[in-house]
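Participant: Sequence:
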Amino acid sequence: MEETYAVTFTQFIVLCAVIIYLVNKIRVRLALSKAKHPSLRGHSKWSRRLAKCVKFFEYKEDSYFAVDGAPATIQEQRKQAFHQLKERMAANSPKTIAFSSNLQQSVSDLQFTSKYRVPFPFRNQLPKPFTLSNIVKETRGTQIKDLDGNWRYDLSGSYGVNVFGYDFYKSCMQAGSKSVADLGPVLGPYHPIIAENVELIKNISGLDEVSFHMSGTEAVMQAVRLARYNTGKKYLVRFCGAYHGWWDGVQPGVGNQRDINDVYTLNDQSEQTLHVLSTRNDIACVLINPLQAFHPNADSASDVGLIGSLRATNFDKAAYSTWLKRLREICTQKNIVLIFDEVFTGFRLGYRGAQQYFDVQADMVTYGKTIGGGLPIGVVASSHTLMKRYKDKQPAHVSLARGTFNSHPSVMASMNEFLIRIQHPDIQQQYEQIESVWDERVAKFNERLQQANLPLKITNMQSILSVIYTKPSRYNWMFQFYLRANNLELSWIGSGRMIMSFDYTDADFDQVITQFITAAEEMAADGWWWQSSNLTNKTIKQQFVYDMVSAYSPLLAKFLPSPLMSKLKTAVKTSSSVNAVNIAKTSSTIKE
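Just so we're aligned: 499 in our numbering is position 499 of the sequence shown, and the numbers increase by one with no gaps anywhere.
Not one of these hints is a red herring.
DEER-style ranges, computed between Cβ atoms: (1) Q272 - A318: 15 to 23 Å; (2) T332 - R421: 32 to 40 Å; (3) T279 - P127: 51 to 59 Å; (4) E432 - T73: 49 to 57 Å.
Below 30 Å or equal to it, Euclidean Cα-Cα: the simulated DSSO-like pairs (lysine-lysine) are: (5) K45 - K34; (6) K541 - K60; (7) K45 - K234; (8) K36 - K325; (9) K202 - K178; (10) K79 - K541; (11) K471 - K60; (12) K25 - K234; (13) K79 - K471.
Because the hints were derived from the structure by calculation, they are not lab data. What you are looking at is a predicted structure, and each value in this text was computed from that prediction instead of being measured. All C-beta atoms, glycine included, are put in the ideal place defined by N, C-alpha and C.
Produce the entire structure from the sequences given, and follow the hints as far as they go.
Facilitator: Here it is as structure tokens:
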């Protein structure tokens, strides 16, 4: 009996331990779930699964210009305007269009960008002058020239590289190349100019050591790897909507085909997120893209997601500074590496980047884009402890990172020119004034838009601007083509982000405003922003969902209401050869 009792008691203890373990696991899991953003962007695995289920469809010609329920007169007006704009763009840039068309057949990047300029149901009927990339051969000041000699004001910012103006970088590249001309592409040994670069980067970052890489994505890869290696912990925390390069280790959702189980995508500026960080002991690092302050928890705005007019930004510098300070405190307490990914914002928000702008010191900082003085580069800066790649007492336990071109002499020389020049008093004075300069310019921009009675608003985070659409519309994505026809150069993502260089004068910017307003007035006159009492962002979303259901099951669609169009016009043409298409951006921005 005693023996039986002892076994039963042991079993009881084991059962209690199992229950406590399971309850704790559930508690931790619930806390993690609460810390995720409720949108699909906050649930990376689900967003990827659902993206594979989005079936391709396209609007037929008889509904292409009527998906918002516009009457026949507006439809015809749009159709004629569409054709006229195509002819106008084709006549202005025949050489550029022909060259890009030929190049696209052999360059996969161009094939992708041509397909992802507008919401996918509209893309197949876009004419070539709309879809093809611009081919350019010369810059001067704030303008860029295509093969046909057309000069356009550049609003693309070369993906963020162009902070100080193209002439500034051309000078850095030329002077740098000359200073290392005697060495050539010697790789492995270092040109002595690297020593000054290291000291300058240490002073700017406020950190101890530097490593060089070949791109911003590589720099982020190395920062995360070192954080895990030197903390001995597994998980990385990133924030909803944040972009940290194309590496799948920090891009666990749409666009990545590999399962990622060591990355948590959490809610930005959330108490539940702070709770998770403060109660777990397995988080190696928190990765911050400071640009998310412009649009917390949202992807970078792109015209491919312009289903309606729900694009928004929400920049509050004081609130985001407070949030980062709270993160800083918890990361210090829990031995979590706080990484600032300054590949985009570095040297744009300030001389010391986001660390200076938000007054927060990171444990590790990555740089890229502009720091190369016009040439490709990635940089990691951190403390001696976090940069160490080997264990003194475990000689086989190392963290490898290399890259043949990581300290190319030409890049080091161009970087050196950049780092020295931005210390000049005129650049430092520019930094002190740049935020107020751009805030005043954007305020003036919006005054002009209001005076012209246009359904547009410009928002900004310093010199990074976005176009907000203030009235419901299914055709906001058309605006990018009117802007290009009026000699304003955007990147392939369209009107979601305009990246301005610091060399824009007030006169330059006034001209941009004038051309922008001309483009908007043309678009309004052509009927694309037609309004009705039934046209709301809610009905637009409902109509889009109806159209998606129609693509899956035309029979089921017969029993559902069509919010904006009569069912005779709603017919969508599906691709018989495609069962499911991974729509990389659209599924995560379907809310628009």
